[in-house]
Amino acid sequence: MAVSESYGQDRGGKHDHLVESLVGGLAPVRRLPPPSLRAVAWFAAALGLGILLMPMADMEGMRTRMSVPDLRVAALAAVLTAATAALAAFQISVPGRSLRWVLLPVVPAILWIGASGLGCLRGIVAPTTDIPGPREVESCFVFLIGVSLPLSVLLVVMLRRACPLRPNLTAALGGLAAAAAAAALLVPFHPHDTTVTDLLIHMLAVGAVIGLNSLAGGRLLTGKGAPPR
Amino acid sequence: MILAPAFGPATLGPASSLAKTRAEPRFTDALAGVRGGAARGGDRARTVIEARLSAAMAAAQSGDAAAYRLLLRECLPVIASMARAQGVRGEAVDDVVQETLLTIHKARATYDPARPFLPWLRAITQRRAIDRLRRAGRRLQEVHDPFAYETHADAAPGPGARLEVRERDARLAEAVAGLPEGQRQAVEQLAFQERSLDEAAALTGRSKGALKVNLHRALKALRATLSGEKGDGGV
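Chains as they are written, first to last, in our numbering: chain A, 1 to 229; chain B, 1001 to 1235.
In case anyone wonders, no lab produced these hints; they're calculated from the structure. Just so it is clear, CB atoms sit at the ideal spot from N, CA and C, and this is done for glycine as well. One or more of the hints may lead you astray.
[Claimed, not checked] Calculated lysine to any residue pairs in the SDA-like style (CA-CA distance at most 20 Å, straight line):
| no. | chain 1 | residue 1 | chain 2 | residue 2 |
| --- | --- | --- | --- | --- |
| 1 | B | 1106 | A | 24 |
| 2 | A | 14 | B | 1090 |
| 3 | B | 1106 | A | 76 |
| 4 | B | 1220 | B | 1179 |
| 5 | A | 14 | B | 1043 |
| 6 | B | 1208 | B | 1194 |
| 7 | B | 1106 | A | 40 |
| 8 | A | 14 | B | 1098 |
| 9 | B | 1220 | B | 1159 |
[Claimed, not checked] Partial pick of chain B residues on the chain A-facing surface, computed with a CB cut under 7 Å:
| no. | residue |
| --- | --- |
| 10 | 1065 |
| 11 | 1067 |
| 12 | 1076 |
| 13 | 1108 |
| 14 | 1119 |
| 15 | 1120 |
| 16 | 1123 |
| 17 | 1144 |
| 18 | 1222 |
[What the hints assert, rightly or not] Here are a few chain A residues that sit away from chain B, every Cβ distance over 12 Å (derived from the structure):
| no. | residue |
| --- | --- |
| 19 | 16 |
| 20 | 23 |
| 21 | 49 |
| 22 | 62 |
| 23 | 66 |
| 24 | 67 |
| 25 | 94 |
| 26 | 99 |
| 27 | 114 |
| 28 | 115 |
| 29 | 150 |
Please model the complete structure; the sequences and the hints are all you need to start from.
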């Protein structure tokens, strides 16, 4: 009745204004494709970048290196890390998806870093291994950052279309995906066996990418900065 | 403070008495099912709600404003209850509701109608609730007087508040019903319905002047009746 409406502590009426303004701002939206499909799209883009760089590749050297078990495992694990981390990032950027997706890239990442680390031992066991000079180290670093930057940008742009409720975690996964993809793409171009300096540089580059992504992506992905659609 | 958790579902109840959303009781059932998983009857109610909200969101995604309005309205008590379950209290609940509504609006493209709606909503609400709690936690809360802090009354209405309001409403309704026809109309149109003089004049067919005079007289009469009543019963 009218009396209780004007006296009672009506909770619903409080948000009427906001509800009406949201309803007023309603525009048809295209439903987001499933996260797995979006991850595949990004992975395809990374592969495309690899194919684009193919003419510069040293296929002969790669075949030789792929015959070494730990290098092969490291390369495969890097590919797997990139794929699983990207899938996990796309999954958790959709509200209501399980956070357990985060665990998916853990094993490939450990395998990737572990196998690369194993390669270092060769520098000690077989000192005749070809050690890269500082110039080559620099070009390797530039390559890693140069490849992972466009991949990260693409990933952030794609993730922003969803609603990452955990921006930092999503950004870290994105960074891992981009860094692993760049490391995998580096394999055909890298003229050396893995060494300690090599691994350090790799880790530095990977860390830089993940860190930058977390810092920038965390800001970029906080939903609040994202334009209302 | 201590009473708040037990009082949470009860504060949902009164909204249903306003007959604004007739599905309210079923919502409460559904929530009990969602939160406790204990209510057997709640399971069915939950699937009903699920299906309806999911369909409404799917319609909203294709631009159906009416379905969207319905969805957001029906979500309000659900969000509030989810926020309370996260430990948000008092006025902060309304902040969380608003932030959640904004996020729903922004993230509506991410909802997949093939999946249940409530987990999607809960993920957003929980995040916004945690954000709110963190913001509140960052503010310094130094307690100089622990006893005063502990015994400080909660800002939320106390356990008997609804009862008091209902009794007061009943008393007022009775007093208004006892007024002459013209005065009663003036009070109902201008005070309770909050209509403007022009609207009230058009609706009742009386002149604006008559309405004003009637309202003035009605208020005077009500004041006399109600204060007299209080004087009799109270002291």
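We went through each hint and held it up to the structure:
For the hint linking residue 1106 of chain B to residue 24 of chain A, the alpha-carbon distance of about 14 Å falls within 20 Å, and the restraint holds. In summary, the hint linking residue 14 of chain A to residue 1090 of chain B is supported, as the alpha carbons are separated by about 14 Å, within the 20 Å threshold. Distance hint between residue 1106 of chain B and residue 76 of chain A is unfulfilled; the C-alpha atoms sit about 38 Å from each other, more than 20 Å. Among the hinted pairs, residue 1220 of chain B with residue 1179 of chain B is consistent with the structure: their alpha-carbon atoms are about 11 Å apart, no more than 20 Å.
For a cut-off of 20 Å, the pair hint linking residue 14 of chain A to residue 1043 of chain B is broken: about 30 Å separates their Cα positions. At roughly 15 Å between alpha-carbon atoms, residue 1208 of chain B and residue 1194 of chain B fall within 20 Å of each other, so this suggested pair holds. For the proposed pair residue 1106 of chain B and residue 40 of chain A, the alpha carbon gap of about 24 Å is over 20 Å, so the pair is violated. Taken as a hint, the residue 14 of chain A and residue 1098 of chain B pair is honoured in the structure, with Cα atoms around 10 Å apart against an allowance of 20 Å.
Taking the CA atoms of residue 1220 of chain B and residue 1159 of chain B, the gap is near 32 Å; set against the 20 Å cutoff, the hint is violated. Taking 7 Å as the C-beta cut-off, the interface hint given for residue 1065 of chain B holds, the closest approach to chain A being about 5 Å. Taking 7 Å as the C-beta contact cut-off toward chain A, the hint placing residue 1067 of chain B at the interface is violated, the least distance being around 10 Å. The beta carbon of residue 1076 of chain B is positioned within 7 Å of a beta carbon in chain A (closest approach about 6 Å), and the interface hint is therefore held.
Because the smallest distance between the Cβ of residue 1108 of chain B and any Cβ of chain A comes to about 6 Å, under 7 Å, the interface hint for this residue holds. With a least beta-carbon distance of about 4 Å to chain A, the hint placing residue 1119 of chain B at the interface is held under the 7 Å criterion. Residue-level restraint check for residue 1120 of chain B holds (minimum Cβ-Cβ distance to chain A is 4 Å; threshold 7 Å). Taken as an interface hint, residue 1123 of chain B checks out: its beta carbon lies about 4 Å from the nearest beta carbon of chain A, inside 7 Å.
The beta carbon of residue 1144 of chain B is not positioned within 7 Å of any beta carbon in chain A (closest approach about 32 Å), and the interface hint is therefore violated. Interface hint at residue 1222 of chain B: violated, since its Cβ lies 12 Å from the closest Cβ of chain A, which is beyond the 7 Å cut-off. For residue 16 of chain A, the requirement that its beta carbon stay farther than 12 Å from each beta carbon of chain B is not met, with the minimum near 9 Å. In this structure residue 23 of chain A is not separated from chain B by more than 12 Å, as the shortest Cβ-Cβ distance comes to only about 5 Å.
Residue 49 of chain A, annotated as away from the interface, keeps every beta carbon of chain B farther than 12 Å; the closest lies near 27 Å. No Cβ of chain B comes within 12 Å of the Cβ of residue 62 of chain A; the nearest lies about 40 Å off, and the non-interface call holds. For residue 66 of chain A, the shortest C-beta to C-beta distance to chain B comes to about 40 Å, beyond the 12 Å cut-off, and the non-interface label holds. Every CB of chain B lies more than 12 Å from the CB of residue 67 of chain A, the least distance being 45 Å, so the non-interface label holds.
Look at residue 94 of chain A: its CB is around 5 Å from the nearest CB on chain B, not clear of 12 Å, so calling it non-interface is violated. Not every CB of chain B is more than 12 Å from the CB of residue 99 of chain A (nearest about 9 Å), against its label as outside the interface. Against the 12 Å criterion, residue 114 of chain A stays outside the reach of chain B, whose nearest CB is about 34 Å from its own CB. Every Cβ of chain B is farther than 12 Å from the Cβ of residue 115 of chain A; the closest lies at roughly 36 Å, confirming the non-interface assignment.
In this structure residue 150 of chain A is separated from chain B by more than 12 Å, as the shortest Cβ-Cβ distance comes to about 25 Å.
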